[in-house]
Amino acid sequence: MEASITLKKVGKLVGDKTILAGLTFGIEKGTIVALVGDNDAGKSTMLRLIAGLENPNYGAVFLHGLDTEKRRMETRQTVAFIPHDIDLDPWLTLEQNIQFDAKLYGEHQDKIQSRINEYSHALGMGDFLYSMAGRVPQGIQKKAMIIRALAHDPTILIMDEPTAFMDAESRRLTWNLMRKLRGDKTIVYSSQFLPEIESANDRIMVIHNGSVLLDGSLDKLLESTLEYHQFAIEFEELSDELYNSLCGVSTIVNPTKVGNTFHFYGRSRKVFFEVLNACTGALMKDLSIEKLSLQDLLDSAFAQKGMDG
Amino acid sequence: MSAFILRRWWLIRNRLMSSISLAFIVPFILSIVTVFGTKNIIISSINGQPYEVWALPGLMMFMSAVLITPLIYRDFFDLRIHNKALIPMTLAPIRKSTIILGILFSSLLEVLVIITIGLGIYSILFPHAVSIGHIGYILLYSIIFVLLYGNIIILLSLLTERISVFISALLTTLISIMFICGLFIEFEFFPITMSTIFQYFPLSMVSIASRSILFINTFDTFNTVTPIIFTLILIILNSFLLKRKMKQ
Chain A
1 MEASITLKKV
11 GKLVGDKTIL
21 AGLTFGIEKG
31 TIVALVGDND
41 AGKSTMLRLI
51 AGLENPNYGA
61 VFLHGLDTEK
71 RRMETRQTVA
81 FIPHDIDLDP
91 WLTLEQNIQF
101 DAKLYGEHQD
111 KIQSRINEYS
121 HALGMGDFLY
131 SMAGRVPQGI
141 QKKAMIIRAL
151 AHDPTILIMD
161 EPTAFMDAES
171 RRLTWNLMRK
181 LRGDKTIVYS
191 SQFLPEIESA
201 NDRIMVIHNG
211 SVLLDGSLDK
221 LLESTLEYHQ
231 FAIEFEELSD
241 ELYNSLCGVS
251 TIVNPTKVGN
261 TFHFYGRSRK
271 VFFEVLNACT
281 GALMKDLSIE
291 KLSLQDLLDS
301 AFAQKGMDG
Chain E
1001 MSAFILRRWW
1011 LIRNRLMSSI
1021 SLAFIVPFIL
1031 SIVTVFGTKN
1041 IIISSINGQP
1051 YEVWALPGLM
1061 MFMSAVLITP
1071 LIYRDFFDLR
1081 IHNKALIPMT
1091 LAPIRKSTII
1101 LGILFSSLLE
1111 VLVIITIGLG
1121 IYSILFPHAV
1131 SIGHIGYILL
1141 YSIIFVLLYG
1151 NIIILLSLLT
1161 ERISVFISAL
1171 LTTLISIMFI
1181 CGLFIEFEFF
1191 PITMSTIFQY
1201 FPLSMVSIAS
1211 RSILFINTFD
1221 TFNTVTPIIF
1231 TLILIILNSF
1241 LLKRKMKQ
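Residue numbers (the numbering used here), protein chains in the order written: chain A, 1 to 309; chain E, 1001 to 1248.
Looking at chain E on its own, in the form it has when it is part of the complex:
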């Protein structure tokens, strides 16, 4: 695992200026384009939370998804299909699950640093929206969200062989997540049948559980544990797929 973390650090260091720029620009732009306009349409949540307060965990989860996507794409698609740098990794005497976890956790660390900066930027843009007591929970659920989402993107990366197919699948996934996982729009805005279905998506469960602990002070065991179980299943599936794709 330390090798993967060191590698991630080298990758950041080798493109230091763009990494620093990215760490400030992405949170700033995403905060503006998602919350600034929407809060004038949806003033408050159904439970009475100001929209910018309600949307914060969703924004952080979406931000982490946007940030981890290129990192996963690079390691599991580009380095597998284009310049084959994933192959020597798979030849090392380590399990395929270690490779999946190593890349995932090292990417998560980079994402965590940027979303922490994002929280800082958000607190400047919306001074009353960020509560110190909420930060730990927001980061915790963002981690659960991004580990599950990261595995979905790994699955996509391993299942596709052509960049055009991958990009189409990725955009569809990302846009769907944005609208149907309760990140920016409450489930109640959708027709009842759709809303019921959407709430059972593992990624939606993370946003439901995070808002439960943040706004009604209740730990939602089912909606917290289920996405974690899905993540573990996906790690096993992705490890198997990686082995198959590498013909090993």
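The following block holds chain A by itself, in its conformation from the complex:
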């Protein structure tokens, strides 16, 4: 499948701190890719690099095979970026903001107008389109930013928290539109809303400390967790001695202590009984067993160690 976006050994530094560390991957044309990870993991920086808003310190970003630094004008024509924060001119109406931006891309008025009509209908903008940007709720402004990004008909859409500030209905309309655009446009986005990611993606990339920790479809990523369970045992008192003894059970993964609760991961329920054996005599108050979900993939400590850690 043809790659829309290619990163080759891309690195970004801020001072001495490495924000992105030698990333190399490709994103197929027409797919929806979700970036997930902790705050400060490097998601926004990665999106800004792909959008051409920043340049990498080393390596290169290619859009449709063109280097974004060397073929700046051509690549910018093909990409649109929606930042997390509102960046509309508050003294123009939402429609004027969209029109102005599309005109900077050299689009004809009739095409701009027809796209505004189409996307504002899809996102349920109504009469808000003709209100001053500074006077409408931020969720509406964010929808206008999506229309603005689509008004010059980019083939690549980069979105940083696209549904931030939106209510549930607006989020639903936004993702309906994105699913409709899938195939025609390559969409890369970051989000903290897990249900959103679970419902709209062809591929998920888990970013941690500037590196891609996990990469694949939701099913593929969860496949490796299917046999795993997350266990929690709350003790009357979890002493350091008991905690160390429990950590010594060879079959448990990523044990942690939160107050008097001992958390760990295990591949089967058998592991649970091994732990129970190890804590004979200690008074237990509560216990729980849960199957792993996408949330657990985002648990950076867990993800960093890996399922087989």
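Don't take each hint at face value.
Said to hold, decoys possible - Using 20 angstroms as the maximum straight-line C-alpha spacing, the simulated PhoX-like pairs for lysine-lysine come out as follows: (1) E:Lys-1247 to A:Lys-17; (2) E:Lys-1247 to A:Lys-70; (3) A:Lys-29 to A:Lys-8; (4) E:Lys-1039 to E:Lys-1247; (5) E:Lys-1084 to A:Lys-103; (6) A:Lys-70 to E:Lys-1084.
I should point out that these hints are in silico values taken from the structure, not numbers from a laboratory.
Using the hints, position chain E against chain A.
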């Protein structure tokens, strides 16, 4: 460029009443506070021109500087630092110099309309001060002045990150321009060394060149071309700075 002009028109239209009020109030107030009082102190220029006639080009240049300042501040400082609306502009497939020129020229058009109204108001306040033959030259040199001044304010806007620093720098610039660029006070009023230095400021050159063509009918090539060259250099510098500030 047409996108920037259209945007400027929308900005005026969206605040139509305040734009119209501004177009009349600013020229009126500036004419009164600068020329009315001073003409009783400085009756005529050293070359014998009545003060209100001599001060007219300087007043129009100062007025255009006052008018373009908030427009430049808004686009290059406020929209860059506060609500980030400059960022999508810089992502468009256009050169940074196009953004600088687009904002500058579209602002210039708004300023030109208001200073033309200003000329009308001035001709009412001082009926013998405005000569029809002078209007073209006054507007031409006001354009040269405001393009250079606008670039200086763009430079300030791009170099500063904090509003307090920007306002201090802006006020210092504006007040300095008012007194040392020969807009309202002739260079000869200053000590000879200072006067010589002040006359070589590019903004001072514009006021010298305008008075040369208006009052002694001589086109001052050096003092006309030098500020234009400075403007071009500043456009290149500002384009580079904008690119650096946006980390692009």
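The hints, checked one at a time:
1. Of the pairs offered as hints, the one joining Lys-1247 (chain E) and Lys-17 (chain A) holds, with about 17 angstroms between alpha carbons and a cut-off of 20 angstroms not exceeded.
2. Between Lys-1247 (chain E) and Lys-70 (chain A) the alpha-carbon distance is near 15 angstroms, which keeps this suggested pair within the 20 angstroms criterion.
3. The straight-line distance between the Cα atoms of Lys-29 (chain A) and Lys-8 (chain A) is roughly 17 angstroms, inside the 20 angstroms bound, and the hint therefore holds.
4. In summary, the hint linking Lys-1039 (chain E) to Lys-1247 (chain E) is not supported, as the alpha carbons are separated by about 50 angstroms, beyond the 20 angstroms threshold.
5. Proximity of Lys-1084 (chain E) to Lys-103 (chain A) is assessed by CA-CA distance (about 19 angstroms); at most 20 angstroms being required, the pair is judged to hold.
6. The suggested pairing of Lys-70 (chain A) with Lys-1084 (chain E) is violated, with an alpha-carbon distance near 25 angstroms, which exceeds 20 angstroms.
The structure does not agree with the numbered hints 4, 6 stated previously, though it agrees with the rest.
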